Amino acid sequence: MAAFSKFKDMFKQKQEGAEYPEEFQDDYVEIGSETKVRGAKAKIVIRPFVIEDFSDIKPILDALREGTTIALLNIRPLKEKDVVELKRAVNKLKKTCDAIDGDIAGFGDDWIVVTPGFAQVYRGAQTEDVSDELEE
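The sequence shown begins at 1 in our numbering and counts up by one.
Among the hints, erroneous ones may be present.
[To be verified] What follows is a set of in silico ranges between Cβ atoms, one per label pair, in the way DEER data are often shown:
id	residue 1	residue 2	range
1	K94	R47	31 to 37 Å
2	D110	S55	15 to 21 Å
3	Y122	D98	29 to 35 Å
4	D110	I44	32 to 38 Å
5	A42	K87	19 to 25 Å
6	G117	K58	27 to 33 Å
7	A42	E80	14 to 20 Å
8	A42	V84	21 to 27 Å
9	G108	D56	17 to 23 Å
10	K79	P59	16 to 22 Å
[To be verified] No farther apart than 30 Å at their CA atoms in a straight line, the calculated lysine-lysine pairs in the DSS-like style are these:
id	residue 1	residue 2
11	K58	K94
12	K81	K94
13	K58	K92
14	K58	K87
15	K79	K92
Since the hints were derived computationally from the structure, they do not count as laboratory data.
Quick caveat: nothing in here was measured; it's all calculated off a predicted structure.
In this text, a Cβ means the ideal position worked out from N, Cα and C, and glycines have one as well.
Produce the complete structure using the sequences and hints provided.
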């Protein structure tokens, strides 16, 4: 009960305009009101990438794993260079997409869009699945 009285007296003093007892003055941490909480109001970034080599997908995967980036991929350079490497890169992107519950789709002949879990690609009459496009 003595501990409760001590806290009661402390709060009573604070209400009267007195300072905290000396034993409590050095043991606090001030937290700023402008702390950023990840995901609370994070902006979504739509970021273009060009894939010229299989190694170019590493920064794409890293950006997708962060969870706030929608990637627009220009695959033309790799498509013209090596279709086998392109299929390998797309398979890696698909696996990561599945892991983060994202979405992937091709549009046009040379573009792929990859989204994290919060977004979904609209598939209308003109949108094709990436795997169907590469098998042709």
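How the hints compare with the structure:
1. K94 / R47: 31 to 37 Å: Violated - the Cβ-Cβ distance for K94 and R47, about 19 Å, lies outside 31 to 37 Å.
2. D110 / S55: 15 to 21 Å: holds, 19 Å
3. Y122 / D98: 29 to 35 Å: Distance hint for Y122, D98 is violated at roughly 19 Å.
4. D110 / I44: 32 to 38 Å: violated, 24 Å
5. A42 / K87: 19 to 25 Å: violated, 33 Å
6. G117 / K58: 27 to 33 Å: At 20 Å between Cβs, range violated.
7. A42 / E80: 14 to 20 Å: This hint is violated: roughly 36 Å between Cβ atoms.
8. A42 / V84: 21 to 27 Å: Since the Cβ atoms of A42 and V84 sit about 37 Å apart, the hinted range of 21 to 27 Å is violated.
9. G108 / D56: 17 to 23 Å: Holds: the Cβ-Cβ distance is about 19 Å, inside 17 to 23 Å.
10. K79 / P59: 16 to 22 Å: holds, 19 Å
11. K58 / K94: holds, 13 Å
12. K81 / K94: holds, 21 Å
13. K58 / K92: Status holds; Cα separation ~10 Å.
14. K58 / K87: holds, 15 Å
15. K79 / K92: holds, 16 Å
Hint violations for this structure: numbers 1, 3, 4, 5, 6, 7, 8, all remaining hints satisfied.
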